[in-house]
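Heads up: the sequence lines are chains S and F, in that order.
Counting in numbering that gives the first Met the number 0, the first sequence runs from 0 upward without gaps.
Counting in numbering that gives the first Met the number 0, the second sequence runs from 0 upward without gaps.
Note that these hints are calculated values from the structure, not bench results.
A portion of the hints provided could be inaccurate.
Cβ pair distances, simulated, as ranges [unchecked claim]:
1. F:LYS177 x S:ALA401: 52 to 60 Å
2. F:LYS74 x S:HIS222: 49 to 57 Å
3. S:GLY329 x F:SER67: 27 to 35 Å
4. F:LYS232 x S:GLU338: 24 to 32 Å
5. F:LYS177 x S:GLY367: 26 to 34 Å
6. S:GLY367 x F:LYS74: 29 to 37 Å
7. F:LEU253 x S:ALA402: 37 to 45 Å
8. S:HIS222 x F:GLN77: 54 to 62 Å
9. S:ASP301 x F:SER67: 47 to 55 Å
10. F:LYS74 x S:GLN232: 36 to 44 Å
Values in this document were obtained by computation on a predicted structure and should not be read as measured data.
We put the beta carbon where it would ideally sit given N, CA and C, even for glycine.
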Amino acid sequence: MIQSVRANLILWFIVPLILMIPLSLYVSQYVLTQRIDDSFDAMLHLGAERFEERLFFAEGDVRINMHYFSVNSLGTGGQGKLFYRVKDAQGRLLAGFKGLQGPGIAFPGEGFYDTVFAGTELRALRLFIPVRGASAGELVEVIVAESREGRENLLQDFLSNLLVINVALGLSVLAIALFAIHQGLTPLKRIESALRSRSAHDLSPVDEQVPAEVSMLVDSINHLMVKIKQNMQHIQQFNADVSHQLRTPISEIRVLAEISEKQCNDPLLKQNLQSIRKTTDYAARTTQQLLKYAKTKSDLVDHAALSVQDLQPVCHEACARLLNRILKRGQELEFIADEREFPVRCDPIMVQWLLTNLIDNASLHAGGPDAGYHGTIRVRLNEVMGSACLSVEDDGVGIPDAAMQHVTERFYRVNRDEKGSGLGLSIVSQVAQTHAAQLQLRHSEQGGLLVSVLFPLVEAMTEQ
Amino acid sequence: MPDLICRGLPDTDSRLFDAIIGIFPSAFSTGSCGMKILILEDNAILAQGLRSVIEEAGYSVDLLMDGSQAIAWLKSGQYDLLMLDLGLPGMDGIEILRYLRRHNNPIPVIIITARDRLDQRISGLEEGADDYLCKPFSLEEVVARVRAVIRRSRSFSDNRLKNGDLELCLASRTLTLKGTEVILHRRELAVLEYLLLNRGRLLSKDQVADSIASFEQDVSASAIETYVSRIRKKLGEAAAIRTVRGLGYLMDNLD
């Protein structure tokens, strides 16, 4: 099955055209043969009648005056061979070719018939002509026969001309059809290019001036867009609900574990309760991270909602929010930013998720699998080659080169036993992707991990 | 069981409530310091958890599980703090907060929410809340937050700010270190007061500068650096002021 509408339409034009040219030629040939035969027959008839002038009666015999009788005078146009045979009423041959056959017993009267003489197909006419000067009833049988070359040549001429005309006509129809198809498909192409040129996340309705037939298609596309948008909102809402619904029971478990732990004197039980508390913390964090992961998935982000923001206060706020947690773990946090604005088209909340995940990642994993990290985490914001470069650096153990390219994969852990959600850097990677930012991981000078995110800077803060 | 209030509890919840009290009787026997806190939380387990730690910390607690009576309770009771769950039956938490602020009720409010503040985008803080707790929270943190909010709201009536060996008397504007008076410049004292008031919290230089600036005179962020370094020089380790590079200052809470 051919998928292209254009190819289908062209096929629908070409196949009938190819069938109709031979058909039209065949019909033409049939009609022309008849017409040519009629006119040639009429000429042959005229030629045969002329014998009347040349037959006369003398000395009781039929005579024929054929001195100047030529082929041409019979009016065949000189293209074919001409044969004749003249016999008197008694069947004696007066002139012509003896071997030229009559129409046969089945056909006793006057008239045209086909015969063969000397290996040539002939069109023949038999007439009974009265002889001048003879007593009434003396008829001479005259047969005039003509080869078919003249007729056939004429027919060939006609047909070859017709073929040329037909082919020319066919080609022009095809050209017109191609043009018409092209013109007819233009609105579809316009819609296609309009859809192609928009970003994958643009779900606004298609707004193209199109003919009535295509407007139905556009309506359907727009309807689909609305449905997709609704679906996306539904997924987002569902994610938020899941997180919300899970948080309350997790809080309950946590509160119960914490209170029980306080009241408990059995050391073993206390230890178990502590584990419950830690596990609920882990569950809560994983739920939250899963939600963030789902929310930052590039396909689900409404890119129209991104606005131009200064990264400086956004990053400052994220650092400030994490500071207490970092200090509690015996780590230092530094925020080193150039004193200027960093206008970037972004969702500030997602950028904060990106930064908090990077800081948390450093805080939790920089010490390696067995030891906690007790160093400084440096957050830097500066301009690097026209981009706003947000980087987070630690002086920890770093990660092996082999793991570098895998750490942004979902649920990848450098050390399998570690109790991270395995989503932190995946979220970072997704947020970067959503913002058309470049994510780079490398070893810091002290051997720790240095993660940089390069956001494209925009002109100014005018667009708010 | 002093001032135990659990109106609006369904039967099963009140059984649970009794069970929890049975498990943690000590939580309800702690003496009160005179501060009254109203907890508006419809989840029985969380409500009782909050109640037990807050009472243990020395505050008296009223508990209400239905939003519709909240306003009446807040009008009648002399509460020093409201802990408010946003997802309440009866009347929405945000509605209650808006009502309070519209009627110029200055009661400090800590919001409890199951939604991430970042998700929700309507920040409770903008509606006039003093702090927020995101579920799941640690009870230890709850007590710290309650203390901090009450400290900030009550510093003037209390007239004294204490952190470790440091004590600032607000009425006489005198600072003592282990009982010995230390003389600070007026501006330095203002910076220290602001840090003491917000101890355990990160404060940017601009925030500190804004807090001590007056109509007559602006204070620059670099001036704050000078004041802080002078305070450190005079008080030494006891100042407990951390400089966080690029972010500001943080006074460690030593209590």
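Is 36 to 44 Å right for how far apart the beta carbons of LYS74 of chain F and GLN232 of chain S are? Given a distance of about 40 Å, which is inside 36 to 44 Å, the answer is holds.
Confirm or reject the claim that LYS74 of chain F and HIS222 of chain S have a C-beta distance inside 49 to 57 Å. The hinted range 49 to 57 Å holds for LYS74 of chain F and HIS222 of chain S, with Cβ atoms some 53 Å apart.
Verify the CB-CB distance for LEU253 of chain F and ALA402 of chain S against the hinted window 37 to 45 Å. Taking Cβ atoms as reference, LEU253 of chain F and ALA402 of chain S lie about 42 Å apart, which means the hint holds.
Within 24 to 32 Å or not, the Cβ separation of LYS232 of chain F and GLU338 of chain S? Given range 24 to 32 Å: holds, Cβ gap about 27 Å.
Is the distance from the Cβ of GLY329 of chain S to the Cβ of SER67 of chain F consistent with 27 to 35 Å? 47 Å, violated
Range agreement (Cβ of GLY367 of chain S with Cβ of LYS177 of chain F, hint 26 to 34 Å): 42 Å, violated
Is 52 to 60 Å respected by the C-beta to C-beta distance linking LYS177 of chain F and ALA401 of chain S? 57 Å, holds
Assuming the hint says 29 to 37 Å, is it satisfied by the Cβ distance from GLY367 of chain S to LYS74 of chain F or not? Violated, since GLY367 of chain S and LYS74 of chain F (Cβ atoms, about 57 Å apart) do not stay within the stated range.
CB of HIS222 of chain S to CB of GLN77 of chain F, is that within 54 to 62 Å? 60 Å, holds
Just tell me: holds or violated, for the beta carbon distance of ASP301 of chain S and SER67 of chain F against 47 to 55 Å? 37 Å, violated
Hint check: violations occur at hints 3, 5, 6 and 9; the rest are consistent with the structure.
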